[in-house]
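The primary structure of each chain is shown beneath.
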Amino acid sequence: MRPLLLFLALIATGFALESPLGLPTTLNDVYIPGKKVEPIPRKDFSSSIVVRILDIKPAADGFRYNFSLYGLDPGTHSLKDYLQYIHDKSPVTQLTQNLTITTVKPLDTLPAPEKITHNSPPKLGGYRLLIITLGVLWFLILLAILFYKKKNTEVREIPKKEPTLKERLIPLVLAAAKNDLDDQERATLERLILGHWKEQLPEKSLAELRQHPESSPLLLQLENWLHSPNPSINQLQISTLLAPYGK
Amino acid sequence: MSKPHPTPEHLARYLTQIRERVGQIVVGQDEVVERMLIALLTSGHILLEGMPGLAKTLLVNTMSKALHLNFSRVQFTIDLLPSDILGTEMLDEKTGGFRTHKGPIFTNLLLTDEINRAAPKVQGALLEAMQERKVTLGSKTYSLPTPFLVIATQNPIEQSGTFELPEAQLDRFMLCHRLQYPTVEEEEEILRRNLKLGVSKKDGGAVARTEFDLVSEESIGTPEDLVKAMEAVHDIHVSEVFLKHVVDLVERTRKHPDLELGCSPRAGISILKASRARALIHGRDYAIPEDLFALADDVILHRIRLSYEALAEGKTPQGVLREILEASIS
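For the protein sequence lines, the chains are A and B, in the order given. Using this note's numbering, read the first sequence as starting at 1 and increasing by one per residue. Using this note's numbering, read the second sequence as starting at 1001 and increasing by one per residue.
Everything labelled a hint here was simulated from the structure, so no lab data went into it. The reader is advised that the hints may include incorrect statements.
[As the list claims (entries may be wrong)] Some chain B residues flagged as far from chain A (calculated, every beta-carbon gap over 12 angstroms):
| no. | residue |
| --- | --- |
| 1 | Thr1146 |
| 2 | Arg1172 |
| 3 | Ser1200 |
| 4 | Gly1221 |
| 5 | Lys1244 |
| 6 | Pro1265 |
| 7 | Ile1269 |
| 8 | Tyr1286 |
| 9 | Pro1289 |
| 10 | Glu1290 |
| 11 | Ile1329 |
[Unchecked claim] EDC-like cross-link-like pairs, simulated, lysine to aspartate or glutamate; straight-line CA separation at most 16 angstroms:
| no. | chain 1 | residue 1 | chain 2 | residue 2 |
| --- | --- | --- | --- | --- |
| 12 | A | Lys105 | A | Asp73 |
| 13 | B | Lys1244 | A | Glu185 |
| 14 | B | Lys1244 | A | Asp182 |
| 15 | B | Lys1244 | A | Asp183 |
| 16 | A | Lys43 | A | Glu18 |
| 17 | B | Lys1140 | B | Glu1089 |
Don't be surprised by glycine CBs; every beta carbon is placed ideally from N, CA and C.
I would like the entire structure built from these sequences, with the hints used as guidance.
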C-alpha cells in the first residue's frame, strides 16, 4: 500500500503547472523524499524561474513543501533543477514536478532587453571632429597671443635710452656757436632751453621765468636773438650766453 | 604832413590805459580784458565761459565806453528768432513800402548772453553773420559796423535746456576764455567798492547806485587810435622760429593719442593773430613763446575733443593740453 501511495504522489507531482510569464504562482503540498531541501541560491541572472519555499511540513520519509514560483523565461522548467538538499547541497533527483511558463504572444515576438555590447569609441569625424579641432586651434592661438604679449612686454621693459635734455641740448648749443642752425633747430634749441629752466624752476610759469634773476638773462636775450626783427644781440654774445649749456 | 606812425610802446600805453579804465570799475578781470582787446584788435570773437555774476556785462559796457564804441546786449532764450538779432523788414503804413529795422547785431560790441540757450538756427544766423560780417535783410545786404566784436557767454554748469555749440561753430570763436572767481583780496575789494556806491537822486526820487553808474562816458583815445592799434598788430614781427613753435604745437594736438579732434588750421591762424595782438599789448614788436603758452588754453581748448578712452580714464582737455605744452619743451 505504501509504495502505491508514494507512486501516486510522485505521479501527482509530475503534472506540469502552468504560470504566465512574470506572474507568481503557488504550488502546495509537493512531497520530496529525503531530508529538507532549499532553493539553489542564484549567483547570476541566468535562472529561468524564481523559487521560494513558503512552508515545510514533515511527511513520511520526507517533507511536503509549499512553493511560490514565478517564471522569467517562457518554456517548461523542471523544479528539481532549482532545489538542493540542505545537509549536503546535493541536487534533488526524486521530483518530476515541472513548471511551464506561458506567454500570450508568440515567443519570437516578446520584447527582450538589449544585449550589452562593448562598443569601441565612435570614430571621430563630422561635428565632433570640427569642435575638437577648433578647440585645439583656439588653445594654440591663445598660447601664441600670450607668448607674443609676454615677448612684447619684455621688449618694452628693456629701457630704450632716450637722449636726455642736456644730451640733446649740447650739439645744438655747439652748432649755435658756429652759427650753423636752421630755423627748425633754432626752435628746438629755444624749447630745450625753456625746458631746462622749467626743470630747474618747476614752480615758475614761463612768464615768471622771463623775470626770474637766474633764467631771465638768457631767455630774454634768446628771444631777442630768435624773434626780434632787429636783434640787439650778436652771434658772439649769444655763443657766450649759451656756452655753459654746451658742457 | 601825415602823423608819425605810433610806436608799439605808444600803442601799448594806449591799450594799458583802456585796461586800467576797465580795472577801475571791474575788479580782478584783467586777463579777460586783455583777451577782449586781443579779439577786438584781430577782428576775432570771444566766448566767455563762467558763472553768472562775474561782471561780464559791466566789463563789456565799460570797455565799449572806454573805446567809444557802440554796445548791445542780447539775452539768448529758447524762443529767440534770427530776426530778433539780425533785424527784419517791416511794412510802413505811411509809405506803403517796406522799412528795414536793423537788429541789435548792428553794433560794435555785441554781448550775447548764454548763447547756448538759443535754438541752433539762431546760433547759426549769428555765427554766419560773425564770419561774413554782413547781414541780408529782405533783398538788401548790409555790412556790419567796424570794428565788430561778438562777446558770447555760456554757463558751463547748467546744461539742461541748452543747445551745445558744435565744434565747427566753436571754431569760429577765436578765443574761449574761462572766467574764474576773483581771489579773496579781489572779492574784498569788490565788496569795499560796493559799500561806497550810495544812492542816486533823480526826479525827486532815489535809487541805489550800481557799478554801471560809475562807468565814465569819457573815452580813451579816439576810434583812430583803435584803428592804428589794429594796423599795428599786423606790423608785429613773427619769426620763422615762432612759426615752427606754432606748427609744432598744432601738430602735437593732432597726434596726441588722447585727442579725437586736434587743432584745425584756423586754430594755428588764431594763435598767430592772438600772439601778435598780445605782443602789442605787452609793448613788444615781435611775438615770443610766452604769448603762445599764455594763449594756448583760450585758443586751443575749445577746439580739441578728447577720445572716449581718455574721457573714461577721467582725463580733461586742460590736463591733456598741459601734457602737450610740457612735452613740447622737454
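The hints, checked one at a time:
1. Thr1146: holds, 28 angstroms
2. Arg1172: Holds, because the least Cβ-Cβ distance between B/Arg1172 and chain A comes to about 28 angstroms, which exceeds 12 angstroms.
3. Ser1200: holds, 41 angstroms
4. Gly1221: holds, 26 angstroms
5. Lys1244: violated, 4 angstroms
6. Pro1265: holds, 19 angstroms
7. Ile1269: holds, 19 angstroms
8. Tyr1286: violated, 5 angstroms
9. Pro1289: violated, 7 angstroms
10. Glu1290: violated, 5 angstroms
11. Ile1329: violated, 4 angstroms
12. A/Lys105 / A/Asp73: holds, 13 angstroms
13. B/Lys1244 / A/Glu185: OK: B/Lys1244 and A/Glu185 at ~10 angstroms, within 16 angstroms.
14. B/Lys1244 / A/Asp182: holds, 11 angstroms
15. B/Lys1244 / A/Asp183: holds, 8 angstroms
16. A/Lys43 / A/Glu18: Roughly 25 angstroms between the alpha carbons, so the hint for A/Lys43 and A/Glu18 is violated.
17. B/Lys1140 / B/Glu1089: holds, 10 angstroms
In terms of the numbered hints stated before, the structure departs from hints 5, 8, 9, 10, 11, 16, listed from lowest to highest.
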